[in-house]
Amino acid sequence: MEEVNAFESIMNGLSESLEYAKGKTNKARKISITIADLPSYHCKEIKQIREELNLTQKNFAFVLGVSPKTVEAWEAGRNVPQGMAQRFLQMLQFGGKKMLQDFKVIEFAR
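Quick note on this note's numbering: the sequence shown kicks off at 7 and runs consecutively.
EDC-like, lysine to aspartate or glutamate: derived pairs with alpha carbons at most 16 angstroms apart:
no., residue 1, residue 2
1, K103, E58
2, K53, E78
3, K64, E81
4, K103, E57
5, K50, E81
6, K104, E58
7, K104, E57
8, K64, E78
9, K53, E81
10, K50, E78
11, K36, E25
12, K103, E113
13, K36, E22
Derived Cβ-Cβ restraints for the label pairs, each shown as a range:
no., residue 1, residue 2, range
14, N60, L20, 48 to 56 angstroms
15, R116, G89, 29 to 37 angstroms
16, A42, S15, 35 to 43 angstroms
17, G19, K104, 37 to 45 angstroms
FYI, nobody ran anything at the bench for these hints, they're computed from the structure. Think of the CB as a built atom: it goes at the ideal place given N, C-alpha and C, for glycine as much as any other residue.
Model the full assembly from the supplied sequences, consistent with the hints where possible.
Okay, here's the thing in structure tokens:
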């Protein structure tokens, strides 16, 4: 394999960038992704997710990075999760305990 020095590598990258900017995309690698819309959660669904994880409102709040009052308001229907909280709830709904353990967010006693 031929060794390329840093200057040549930078120049090659700049050249490819200019070609891409001019609409010549045959060399550029493109990846298309589709991101699902943020789900809406009803107060009962939030409580169900929390209970399936066997967490108190306080611990659930710590996991989500919100205050316990926020979780209380969600479960009472006084407020609804927004933005990142919606996505994290979706991930917890489908990944649950395993996801929390895999990412070392929480350890469940056996």
